[in-house]
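**Student:** In order, the protein sequence lines correspond to chains A and B. Just so it is clear: in the first sequence, position 209 is 283 by the numbering used here, and no numbers are missing. Just so it is clear: in the second sequence, position 299 is 373 by the numbering used here, and no numbers are missing.
Check each hint, because a few of them may be wrong.
Output of the computed footprint for chain A on chain B, the stretches with three or more beta carbons under 8 angstroms from beta carbons of chain A [said to hold, decoys possible]:
1) 143–153
2) 467–481
FRET-style restraints, in silico, Cβ to Cβ [said to hold, decoys possible]:
3) B:197 - A:389: 26 to 36 angstroms
4) B:162 - A:195: 44 to 54 angstroms
5) A:390 - B:458: 28 to 38 angstroms
6) B:391 - A:201: 43 to 53 angstroms
7) B:157 - A:160: 30 to 40 angstroms
8) B:520 - A:201: 49 to 59 angstroms
By construction, these hints were calculated from the structure, which means they are not laboratory data. In this text, a Cβ means the ideal position worked out from N, Cα and C, and glycines have one as well.
There are 2 protein chains.
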Amino acid sequence: MASKITSRREDYSRWYLDVIREAQLAENAPVRGCMVIKPYGYTLWEAVQSGLDRRFKETGHVNAYFPLFIPKSFLEKEKEHVEGFSPELAVVTIGGGEELAEPLVVRPTSETIIGYMYSQWVQSYRDLPILINQWANVVRWEMRTRPFLRTLEFLWQEGHTAHATAEEALAETLQMLDVYADFAIRDAAIPVIKGRKSEREKFAGAVDSYTIEAMMGNGWALQSGTSHFLGQNFAKAFDIKFLDQNNAMQHAWTTSWGLSTRMVGAVIMAHGDDQGLRLPPVMAPIQAVIVPIYKKEEERAAVMDFARAVEAQLKAAGVRVHFDGREELTPGFKFNDWEMRGVPVRVEIGPKDVANNAVVLARRDSSREIEAAGGPKAKQFGVPVEGAAAAVQALLGEIQASLLSQATAHREANTHRGIASYDQFKQALESEGGFLRVHWAGSSEDEDQIKADTKATIRCFPFDAPEGEGVCFYTGQRTERIAIFARAY
Amino acid sequence: MASKITSRREDYSRWYLDVIREAQLAENAPVRGCMVIKPYGYTLWEAVQSGLDRRFKETGHVNAYFPLFIPKSFLEKEKEHVEGFSPELAVVTIGGGEELAEPLVVRPTSETIIGYMYSQWVQSYRDLPILINQWANVVRWEMRTRPFLRTLEFLWQEGHTAHATAEEALAETLQMLDVYADFAIRDAAIPVIKGRKSEREKFAGAVDSYTIEAMMGNGWALQSGTSHFLGQNFAKAFDIKFLDQNNAMQHAWTTSWGLSTRMVGAVIMAHGDDQGLRLPPVMAPIQAVIVPIYKKEEERAAVMDFARAVEAQLKAAGVRVHFDGREELTPGFKFNDWEMRGVPVRVEIGPKDVANNAVVLARRDSSREIEAAGGPKAKQFGVPVEGAAAAVQALLGEIQASLLSQATAHREANTHRGIASYDQFKQALESEGGFLRVHWAGSSEDEDQIKADTKATIRCFPFDAPEGEGVCFYTGQRTERIAIFARAY
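Using the sequences provided together with the hints, build the complete structure.
**Tutor:** Dropping the structure here:
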């Protein structure tokens with residue numbers, strides 16, 4: 075089984091595609107650049123949906139739905155927006171057998187159509203704020219695609235809010251960034267870094283874009299969710315105006331924020347190892363798999379009965395448990411199979427365990443290597459069956475925390491600090507990759523030059539920057555600004 | 075408030091549109107035939123989603139996601155299917171600024187692309203059954219549209235399953251019809267009738283289509299969900315083949331089943347009255363609204379504190395409660411507003427109630443007229459505050475049951491039986507409308523003629539048909555077959 079997956083060291087891109095194929099997460103569709111999300115992969119997306127939707131509702135947002143099709147003229151109303159998106163559009167020109175008078179764009183994002191609707195809904199300060207989210211599919215005609223990370227069509231949520239003041243809109247923008255970070259850290263066990271995007275990397279039409287950036291297993295960055303302060307740009311383009319409390323007409327202040335099926339790619343690459351997926355228990359479709367083990371037919375009934383009772387106990391405790399009763403496969407094959415699919419806990423039950431009234435618990439986040447390096451024991455033997463559910467739940471909690479701390483340690487080990495020159499910068503990037511955390515006083519043109527030279531871009535200006543003043547590695551100027559450069563998906 | 079809604083008797087179509095506008099369920103989009111589903115309407119769709127998704131998973135189904143775009147050539151592989159759908163297609167001809175070599179159809183339904191994928195996934199009987207559902211948007215280029223009932227783009231779920239035998243596929247088709255009926259009856263309080271579609275009304279490409287048919291307030295029928303036995307039609311068109319247990323190559327047997335945002339229209343029209351919506355408690359976004367009532371400023375604090383405590387009690391008991399603390403509006407206005415929006419229970423709290431340590435409960439499913447006709451009391455006074463949550467929960471249960479029994483009584487009162495001739499048929503339809511439950515031995519051509527004469531169609535051949543043999547009103551032949559004719563949306 076493991077041999078079907080290329081090692082990460084050998085070829086990280088192939089490793090990623092192998093894991094997606096072998097774990098049955100997704101497949102290429104017969105339409106270029108599109109994917110089919112298979113049930114196991116879709117369940118991970120459902121975990122993203124439920125984790126976010128709950129947080130959106132707790133922060134006062136409601137869901138709604140806006141049309142898939144946008145009149146082409148709408149896109150053209152915000153200058154930067156249309157420049158950013160027009161090369162990527164899919165356009166419907168025929169409907170019901172007839173050529174359309176005005177072509178319809180398949181939404182690449184919905185600021186324009188939602189802006190139009192908000193202009194109808196907002197008259198007075200009493201109509202504000204509007205706090206709406208939408209779960210939807212969007213289409214961007216990408217040329218180079220990769221499952222989950224960049225596909226022609228993808229699934230996401232897009233929040234769109236309108237406010238009476240700039241302060242309130244900015245607070246909303248940052249609140250939703252916090253929501254994304256909270257989800258990424260607590261549910262996906264990914265230690266994302268919050269920060270602001272550079273001018274070059276911000277959303278087309280935004281005043282400022284904010285991001286959560288994650289480090290993948292190969293040291294590359296993945297932008298995992300973004301929140302945009304749109305200022306009055308879209309309000310002016312779409313005439314979202316209101317009478318304020320002093321009876322003066324004002325343009326509203328808007329925000330938008332999105333997180334997509336990319337997050338599934340982030341989970342694969344932040345935690346996966348050469349055996350395959352390692353899923354954080356909060357999101358795992360199956361949290362614990364039970365593998366009954368017997369050699370002789372006379373052992374079968376006792377093992378199966380015992381194992382079914384353990385299954386019932388785990389189910390009753392709310393653990394998402396799967397019983398692997400496949401007859402034609404060996405236990406060893408099943409171990410590899412479920413390791414590859416990233417199930418956090420394996421419960422092994424053989425005749426000796428039945429005799430001892432106990433089970434064996436194996437944890438996916440450890441291994442002989444990790445154990446040897448001082449990490450947690452990969453297997454616990456003789457766990458008493460009476461407390462099996464509690465033991466599994468405790469273990470799930472430990473695994474969730476351990477995946478986060480492993481990913482954090484990986485990020486820290488692959489973050490380069492104290493870079494004093496562009497040569498050092500290039501050397502670090504070339505030899506080790508990872509995040510380059512540097513003082514930065516360069517211009518957008520400097521940023522372009524570095525990208526052209528090295529393929530690294532500014533991932534963000536991190537909020538958390540205790541470094542204080544220092545010297546920009548590129549310009550030599552003194553500055554307080556910290557930038558994180560990295561190669562990115 | 076009520077005056078903004080046309081009475082049903084005056085103009086049922088206008089009543090429907092008025093309710094949708096005033097209750098803020100949806101709005102026309104700036105794209106012809108498309109709607110914006112507003113938050114209150116979308117919450118009803120979320121209730122449909124959660125009610126169905128739970129039932130799908132309980133019956134062993136998993137969710138997945140297939141692409142929005144379908145190569146045009148795929149549609150053409152099943153002859154009846156392409157004939158049925160080709161007049162309704164939206165076609166993408168431009169992507170990324172360039173004309174596409176093969177145009178892409180925006181999915182009107184996904185049998186073809188899913189059939190193609192299943193042909194890749196199925197090799198052996200061990201790969202069957204496949205039990206997949208997808209939540210998605212679809213597009214059909216309809217010329218005459220009406221919010222929720224028929225829109226160019228709509229939201230739905232579409233289940234697609236593949237099986238080794240015809241028996242198993244048929245059992246699945248009927249199981250999912252049962253799931254739809256169970257949802258409609260228990261959650262939406264709509265007493266749907268299960269039955270089989272006539273040849274004329276079945277899905278393009280199906281062997282047989284099954285339906286749940288609901289009666290709306292004006293006596294018209296609404297097809298509210300359908301489940302199709304596709305035989306081997308799509309398996310042959312897409313080459314879904316497997317080696318059976320005897321090592322012989324077989325085509326699979328497939329099914330598909332769908333239920334859409336139409337269901338929201340069904341809820342509006344099955345239960346609404348001249349005041350507006352009446353929502354079944356299981357689906358209602360707000361189950362109970364609290365309206366504090368005071369005239370003098372010195373009463374305010376006591377009423378508000380008391381009302382907030384009741385809110386906390388209801389919330390703790392799991393009731394979806396809303397506190398209407400709007401200062402600028404009178405209690406009478408609020409009463410009308412929440413009645414119009416269909417909230418099942420109103421909790422009124424004034425100074426006298428505070429003094430008596432009690433609340434007033436008003437139920438939306440009754441009225442002075444219904445009460446006078448022997449129905450339940452529209453208002454309960456002096457409900458002790460200690461047991462308020464339990465009283466509200468009991469009342470919600472009663473309302474759920476009462477809406478179902480009111481809709482059942484309405485359906486029975488508007489179902490015509492014992493029709494002996496086509497003249498009687500036409501007279502009943504013209505004078506009273508409703509369902510015409512008749513013996514039927516006619517042909518498809520006879521069905522067409524009746525439709526041309528009267529606009530009534532066969533809604534279904536109901537499963538539950540205790541009538542036994544009788545005489546067909548149209549052909550005079552003796553038959554056991556019962557058909558339900560009606561005008562339909």
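**Student:** Evaluate each hint against the coordinates.
**Tutor:** Hint by hint, here is what the structure shows:
no.	hint	in the structure
1	143–153	holds (count 4)
2	467–481	violated (count 0)
3	B:197 - A:389: 26 to 36 angstroms	holds, 32 angstroms
4	B:162 - A:195: 44 to 54 angstroms	violated, 31 angstroms
5	A:390 - B:458: 28 to 38 angstroms	holds, 37 angstroms
6	B:391 - A:201: 43 to 53 angstroms	violated, 33 angstroms
7	B:157 - A:160: 30 to 40 angstroms	holds, 37 angstroms
8	B:520 - A:201: 49 to 59 angstroms	holds, 56 angstroms
Comparing the model with each earlier hint shows violations of hints 2, 4 and 6; every other hint is respected.
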